[in-house]
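Peer 1: Protein chains in written order, with the numbering used here: chain A, 49 to 309; chain B, 289 to 647.
No lab work stands behind these hints, which were simulated from the structure alone. A couple of the hints might just be wrong.
As the list claims (entries may be wrong) - Short, incomplete list of chain B residues facing chain A, as computed with Cβ under 10 Å:
hint, residue
1, 310
2, 337
3, 420
4, 498
Claimed, not checked - FRET-style restraints, in silico, Cβ to Cβ:
hint, chain 1, residue 1, chain 2, residue 2, range
5, B, 318, A, 216, 25 to 35 Å
6, A, 202, B, 478, 47 to 57 Å
7, B, 479, A, 216, 27 to 37 Å
8, B, 482, A, 61, 38 to 48 Å
Stated by the list, open to error - The following residues of chain A were derived to be distant from chain B, with all beta-carbon distances above 12 Å:
hint, residue
9, 57
10, 77
11, 88
12, 92
13, 119
14, 158
15, 163
16, 176
17, 206
18, 218
19, 229
20, 230
21, 240
22, 248
23, 267
24, 274
Built from N, CA and C at the ideal position, the CB exists for glycine as well.
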Amino acid sequence: MGKTFRRPQALAETPTHYCPGCTHGIAHRLVAEVIDELGIRGRTVGIAPVGCAVLCYNYFTFDFIEAAHGRAPAIATGLKRVRPDLVVFTYQGDGDLASIGMSEIVHAANRGEKFVTVFINNAVYGMTGGQMAPTTLPDQRTTTSPFGRKVAQTGMPVKMAELLAALETPGYIVREALIRPKYIQRAKKAIRNAFSYQLENRCFSLVELISTCPTNWGMTPIEALSWAEEKMLPYYPLGVFKSPEGGRPAPGAAERSADAA
Amino acid sequence: MAKVLMKGNEAIAEAAVRAGCRNYFAYPITPQSEVAEYLSRRLPEVGGVFLQGESEVAVSYMIFGAAATGERVFTTSSSPGISLMSEGISYIAAAELPCVFVNIMRGGPGLGGILPSQADYFQAVKGGGHGDYRLLVLAPASVQEAVEMMMEAFPLAEKYRNPVMILGDGLIGQMMEPVEFRDDLNTEPAPADDWATSGMDRRGRDRRNLIRTLYLVPSELNAHNLKLKAKYDRMRREEVRWENYAVDPSIRLLLVSYGTMSRVCRTAIDRLREEGLAVGMVRPKTLFPFPREAVLAAARQGEVRAVLSVEMSMGQLVEDVEWSVRGVRPVFWFGKCGGEVPTPEEVMAEARRILRESE
Ligand SMILES: Cc1ncc(C[n+]2csc(CCOP(=O)(O)OP(=O)(O)O)c2C)c(N)n1
Ligand code: SF4
Ligand SMILES: [Mg+2]
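With the sequences and hints as input, model every part of the structure.
Peer 2: What follows is the structure, given as structure tokens:
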């Protein structure tokens, strides 16, 4: 009997620098599996963010660019416009995408750029030591909100999937989670859909992935998974918010969110 | 090819197309928006890419992404826009991506004004963005020269894998002059398979390319900076360009001036010579690398009493003139900015005053 579980060719054989229990590694694996399954490794270019995944190109085996903080969608735009035959994706954290890079992602999505964005929402700035992010939950303690996020001063957490789904330009906008096997299966499917839409030259895609940062949340990996499920999922419902087939939100989004929560 | 009458901004746009560039990203800003307007019609004709970005920040990274494929790409902007692009320019220089930035300068600081200026000299020549990087900076003094520099900028950017900047003032962009597009300046992009992120399949080998700017190990970052420095040193050896005007052993005052300002200086020099005052000029065509030895050699001519930097800025070029002259002669500055261009009469009056006082 052959091996049934093996390392995707798109994933490098090397240990990662991520903390134990960090879900960045799961996201990498899902992306690599999809790239293998679609047979597109030789024409894919990934764009790394500034954040904990800044070195993610070390874990993939195809062309990669390291962006400046938040600018990955603009780089992807330049690349994809000039070489529409390439398959392009950005991989970005919530500080990168929802704070400093808000303008770049909104306009890329609104232009309907034909690339995929994998968006890791872990509710903090991981790399710089757990500061508050636009996605930090109300009253969540971080190193720059030591008494908990006060929404009267800093507003409510930004829901990127909903925000981008509100644009009139067609797109595929979905939120899934990397915290339980059942969600991970769905996340993989969403990533696969997103890359398939790109191959069909259909639309921009954003796959937001609810993730954990046990190190900066001050939790064990197991506690972090439970915290994400109990605290993040009610605020960040899972589901398809928009799909190029039309409809906003797409049929089923509400039921799926309910069943996820 | 026959000469055609063209406005500077449109001539720059057409020159890029003639040079084989098919990709342009930009954000509108006076006084160079005609470039984008021209290319929004012209590039589709030749199957090129035209995109108006959401900001100059984004545009600079669209240039990054496009250049990362190994294809030719450029943008044009004016001073406040170049400030926003400076983050991207630093990353592009660090990543060693060939591309061309055109700055049709307007007055600053801040929103400044929309009229011609040379106030971005430091920004172009000394940095602008963070870190130890240099741009190869070309400064045209006529629409024809802007066309030629634009066409030469792409192979230069590829030779060094470094961004090239065309630094023109608003006059270059706005004035109409007869131009000729020289066929011999059409070139093919240099091969980029060794470094471009153009997809492994296209290169037919299973070795991926990586474009990055992060070097966490100090010795690696030092080595990277030494590699960049070696390129900049090579530019200093191989790319210095300038033009001497009326520089002969009789000159008593040496002017240094670039861009359209140098044309005013020419007129002033011609008239001063009619009065019997021997004045000459070194006009840098590259601002980085700066024609340091040429300025020194001219300043050293036996009769030279002083050197005068004439600029549409408040004392920027003069710092490189002083650095070139190395204290051999006294160096003076004369300039105006904000859209006020020194007139030949004003330059002549300043020349006479300096010569009188240095007797
Ligand atoms: C222009 C700029 N500002 C600030 C930083 C510092 N910085 C690096 S990563 C980061 C936050 C990253 O957080 P996030 O995008 O959420 O990624 P995570 O590490 O959580 O995966 C910041 C602020 C930078 N590198 N560049
Ligand atoms: S700091 Fe957080 S996001 Fe970064 S690697 Fe560690 S657990 Fe993951
Ligand atoms: Mg984060």
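Peer 1: Does each hint hold? Answer for all of them.
Peer 2: A quick look at each hint next to the structure:
| no. | hint | in the structure |
| --- | --- | --- |
| 1 | 310 | holds (8 Å) |
| 2 | 337 | holds (5 Å) |
| 3 | 420 | violated (17 Å) |
| 4 | 498 | holds (5 Å) |
| 5 | B:318 to A:216: 25 to 35 Å | holds (30 Å) |
| 6 | A:202 to B:478: 47 to 57 Å | holds (49 Å) |
| 7 | B:479 to A:216: 27 to 37 Å | violated (43 Å) |
| 8 | B:482 to A:61: 38 to 48 Å | violated (24 Å) |
| 9 | 57 | violated (10 Å) |
| 10 | 77 | holds (18 Å) |
| 11 | 88 | violated (9 Å) |
| 12 | 92 | violated (7 Å) |
| 13 | 119 | violated (4 Å) |
| 14 | 158 | violated (9 Å) |
| 15 | 163 | violated (10 Å) |
| 16 | 176 | holds (14 Å) |
| 17 | 206 | holds (18 Å) |
| 18 | 218 | holds (19 Å) |
| 19 | 229 | holds (31 Å) |
| 20 | 230 | holds (34 Å) |
| 21 | 240 | holds (20 Å) |
| 22 | 248 | holds (18 Å) |
| 23 | 267 | holds (27 Å) |
| 24 | 274 | holds (34 Å) |
When the structure is compared with the earlier hints, violations turn up for hints 3, 7, 8, 9, 11, 12, 13, 14 and 15 and for no others.
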